[in-house]
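Participant: One-letter residues, chain by chain:
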Amino acid sequence: MENNLYWEQFKRSFAIVKKNIRIYYSKGPVIIFGLLVPFFLFLSFYIGRDMPAEAFIPGLLGMTAFFTATSVGPAIVPWEARAKTLERLISSPISIWTIFLGDVLSSFLFGALVSVFPIIVGLFIGVRIADPLILGLGLVLATFCFACFSILLSAYPPTDSPASVMMLSSMIKFPLVFISGIFIPIEELPVWGKTISSISPLTYFTDLARYSIQGNSHYPIELDLLILAAFAIIFLVTAIKIHERTMQKRL
Amino acid sequence: MAVDHISFKVKKGELFGFLGPNGAGKTTTIRMLTGVIKPDEGAASIFGYDILKEGLKTRQLTGIVPEMANAYVDLSAWNNLMLIGELYGVPKKQRQEIASRFLKEFGLYQRRRHLVKGFSRGMKQKLLLCMALINEPQILFLDEPTSGLDVESQRLIKDMIREFNKNGTTVFLTTHNMEEANQLCDRIAIINHGKIAAIDSPERLRSRSSGLQSIEVSFDKAISVEDLSKIHGVKEAKKTGDKIRLYVDESNVVLAKLVDFARSERLKIISLNTLAPTLEDVFLKLVKES
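Chains as they are written, first to last, in numbering that gives the first Met the number 0: chain G, 0 to 250; chain Z, 0 to 289.
Hints listed in this document are in silico derivations from the structure and should not be mistaken for laboratory results. Incorrect hints may have been included.
To be verified - Mimicking DSS-like on lysine-lysine, the simulated pairs with C-alpha atoms at most 27 Å apart in a straight line are: (1) K17(G) / K116(Z); (2) K17(G) / K103(Z); (3) K52(Z) / K248(G); (4) K240(G) / K56(Z); (5) K248(G) / K172(G); (6) K17(G) / K56(Z); (7) K91(Z) / K10(G).
As the list claims (entries may be wrong) - Some residues of chain Z that are not near chain G, with every Cβ distance over 12 Å (derived): (8) M0; (9) K11; (10) L102; (11) F118; (12) S146; (13) R154; (14) K165; (15) H175; (16) K194; (17) E202; (18) G240; (19) A261; (20) T273.
Claimed, not checked - Away from chain G, derived, C-beta distances all over 12 Å, residues of chain Z: (21) G12; (22) K92; (23) S99; (24) Q109; (25) R120; (26) D158; (27) E178; (28) R186; (29) N251; (30) K256; (31) V258; (32) A275; (33) L283; (34) V286.
All C-beta atoms in this analysis are idealised placements derived from N, C-alpha and C, irrespective of residue type, glycine included.
Turn these sequences into a full structure, and let the hints guide you.
Facilitator: Rendered as structure tokens:
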């Protein structure tokens with residue numbers, strides 16, 4: 000009976016996924032923005048530096064996965080609180096977990112799908128992927144982790160202003176990019192830099208991507224995978240617990 | 000405090016009205032019953048299920064038309080219905096069939112592929128009602144369903160509400176429109192400042208309102224209002240145009256005395272009407288008392 004209830008709620012979270020894709024993710028500007036921001040941000044650092052393609056594709060992939068999986072997720076709840084559609088969802092026979100699992104899954108699908116583009120670009124310019132299995136597994140795990148992070152970004156404060164949430168999330172997301180070994184490999188960072196970079200989930204995905212493409216990693220790949228999974232669980236549980244506590248203030 | 004220790008029961012299959020002025024606590028009550036907000040204390044159950052402990056079960060049995068229009072404006076009418084159907088776990092074929100049926104009944108079928116952002120208020124309200132019915136609910140919560148609509152849309156929605164109720168759906172309706180409550184409801188609760196002032200059928204509410212019955216009389220000659228107010232049983236006399244309205248407890252007793260009065264004063268009665276209190280009179284009186 001309990002299992003049936005969980006399965007039924009899991010199935011209903013896909014209704015949220017479909018709704019999010021139709022309303023938020025299928026819009027041209029969102030897709031273009033998801034691709035262009037990481038691409039141009041990366042180019043601004045890459046141009047003028049003599050780097051082989053194998054060295055910059057992992058960073059570009061990391062940024063694309065991170066930015067796309069966290070691009071829309073933080074804005075959904077405040078947007079729907081303002082539009083009074085969140086109230087419609089809450090009054091439906093679905094739990095708060097179901098709503099946010101749907102938000103996470105839609106962010107994950109969007110992030111994973113768009114992240115295929117840098118891989119295609121890499122293959123097109125002759126980059127060889129040494130371990131496609133680890134790259135695929137890492138990409139799935141990382142985009143899921145970043146998608147969980149995206150709902151954490153909107154958890155507090157419980158506002159109905161998407162602009163405020165997006166501003167706050169940019170303030171958190173951009174510094175994370177700079178400390179995650181994207182522009183400077185982790186091995187080249189000083190000890191304090193390595194310590195700071197270890198608190199970012201993006202570090203572990205960039206490390207996995209470097210291993211998959213360049214064949215070397217700073218951390219053991221099992222550790223990268225394990226830490227990404229741990230981050231995903233912590234983000235998901237924490238975000239939903241905070242949303243459960245603050246939901247009344249949004250309605 | 001929006002709602003203060005209210006207590007009421009709605010019978011299965013009943014069309015129950017929740018009547019009150021703006022800010023009385025009607026929407027707060029409906030939002031608590033539909034699981035949107037949590038009460039600070041107290042308990043409520045729907046079809047035997049506790050709304051707090053078994054919220055998923057109670058919400059599965061309900062359909063809701065909230066006060067604020069909140070269909071997804073960036074989705075089509077059809078996709079809104081499919082979304083809500085899926086959230087209620089209605090199988091695909093069944094939700095398509097129900098959606099088509101209700102869209103046709105509400106005259107929205109031709110516009111089903113259009114985005115809701117292009118819909119008028121009346122169309123949105125009809126769509127919200129379709130969304131509330133997609134799971135064929137056992138109880139329907141309607142929060143001011145006809146507010147701000149044109150007469151034709153109001154009539155259509157009221158007819159549909161009657162129809163669903165006739166087919167066994169329990170309806171919980173909030174409104175500040177006395178006439179609507181009078182036309183639709185089996186029983187009405189009058190709420191003000193978060194407290195229930197009275198619960199009864201519209202007719203009983205009227206009949207039990209002492210002092211609100213009145214007699215309207217006109218004579219062939221001018222007569223002082225003070226003279227009429229001295230008649231035993233008259234609580235208040237007011238001049239209304241060329242007539243005088245007497246507010247009484249028991250109109251039949253006062254009628255006889257009024258005829259005696261006319262005879263003794265050699266007055267000819269031109270017109271004489273007994274007026275039952277309107278629901279609006281009752282409402283205003285109860286709200287004032289509470």
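Participant: With reference to the structure, classify each hint as holding or not holding.
Facilitator: We went through each hint and held it up to the structure:
A threshold of 27 Å between alpha carbons decides the hint, and for K17(G) with K116(Z) the separation of about 19 Å falls inside it, so the pair holds. Note on K17(G) and K103(Z): the hinted pairing holds, with a Cα-Cα distance of about 25 Å set against a maximum of 27 Å. Of the pairs offered as hints, the one joining K52(Z) and K248(G) holds, with about 21 Å between alpha carbons and a cut-off of 27 Å not exceeded. The straight-line distance between the Cα atoms of K240(G) and K56(Z) is roughly 22 Å, inside the 27 Å bound, and the hint therefore holds.
In summary, the hint linking K248(G) to K172(G) is supported, as the alpha carbons are separated by about 25 Å, within the 27 Å threshold. Annotation: proposed proximity of K17(G) to K56(Z) holds, straight-line Cα distance about 24 Å (limit 27 Å). Our distance criterion of 27 Å between C-alpha atoms is met by K91(Z) and K10(G), whose separation comes to about 13 Å. Look at M0(Z): its CB is around 15 Å from the nearest CB on chain G, clear of 12 Å, so calling it non-interface holds up.
Residue-level check passed: K11(Z) sits 20 Å from the nearest beta carbon of chain G, beyond 12 Å. For L102(Z), the non-interface assignment is confirmed: its Cβ lies about 18 Å from the closest Cβ of chain G, beyond the 12 Å cut-off. In this structure F118(Z) is separated from chain G by more than 12 Å, as the shortest Cβ-Cβ distance comes to about 14 Å. With a least beta-carbon separation of about 15 Å from chain G, S146(Z) lies farther than 12 Å from that chain, consistent with its non-interface assignment.
Listed as outside the interface, R154(Z) is consistent with that label: its C-beta sits roughly 26 Å from the nearest C-beta of chain G, beyond the 12 Å cut-off. For K165(Z), the non-interface assignment is confirmed: its Cβ lies about 25 Å from the closest Cβ of chain G, beyond the 12 Å cut-off. The claim that H175(Z) is not at the interface with chain G holds, since no C-beta of that chain comes within 12 Å of its own (minimum 20 Å). Non-interface status of K194(Z) relative to chain G is upheld: no Cβ of that chain comes within 12 Å, the nearest being about 23 Å off.
Residue placement check: E202(Z) keeps its beta carbon more than 12 Å from all beta carbons of chain G (closest about 33 Å). Distance check for G240(Z) against chain G: the nearest CB is about 47 Å away, which clears 12 Å, and the non-interface claim stands. With a minimum CB-CB distance of about 61 Å to chain G, A261(Z) clears the 12 Å threshold, and the non-interface call stands. For T273(Z), the condition that its CB be more than 12 Å from all CB atoms of chain G holds, with the nearest at approximately 46 Å.
Interface exclusion of G12(Z) from chain G stands, the closest Cβ pair being 22 Å apart, more than 12 Å. Non-interface call for K92(Z) relative to chain G: holds, since the shortest CB-CB distance, roughly 16 Å, exceeds 12 Å. At the 12 Å boundary, the C-beta of S99(Z) stays outside the reach of chain G, the nearest C-beta of that chain being 19 Å off. Q109(Z), annotated as away from the interface, keeps every beta carbon of chain G farther than 12 Å; the closest lies near 21 Å.
Against chain G, the non-interface label of R120(Z) holds: every CB pair exceeds 12 Å, the least being about 14 Å. With 12 Å as the threshold on Cβ separation, the claim that D158(Z) sits away from chain G holds: the shortest Cβ distance comes to roughly 25 Å. At roughly 28 Å from the closest C-beta of chain G, the C-beta of E178(Z) stays outside 12 Å, upholding its exclusion from the interface. No beta-carbon of chain G comes within 12 Å of the beta-carbon of R186(Z); the shortest separation is about 24 Å.
Against the 12 Å criterion, N251(Z) stays outside the reach of chain G, whose nearest CB is about 50 Å from its own CB. The non-interface label for K256(Z) is consistent with chain G: the shortest C-beta to C-beta separation is roughly 57 Å, beyond 12 Å. Against the 12 Å criterion, V258(Z) stays outside the reach of chain G, whose nearest CB is about 59 Å from its own CB. The non-interface label for A275(Z) is consistent with chain G: the shortest C-beta to C-beta separation is roughly 39 Å, beyond 12 Å.
For L283(Z), the requirement that its beta carbon stay farther than 12 Å from each beta carbon of chain G is met, with the minimum near 31 Å. The claim that V286(Z) lies off the interface holds: its Cβ sits roughly 27 Å from the closest Cβ of chain G, which is beyond the 12 Å cut-off.
In summary, the structure agrees with every hint in the numbered list given earlier.
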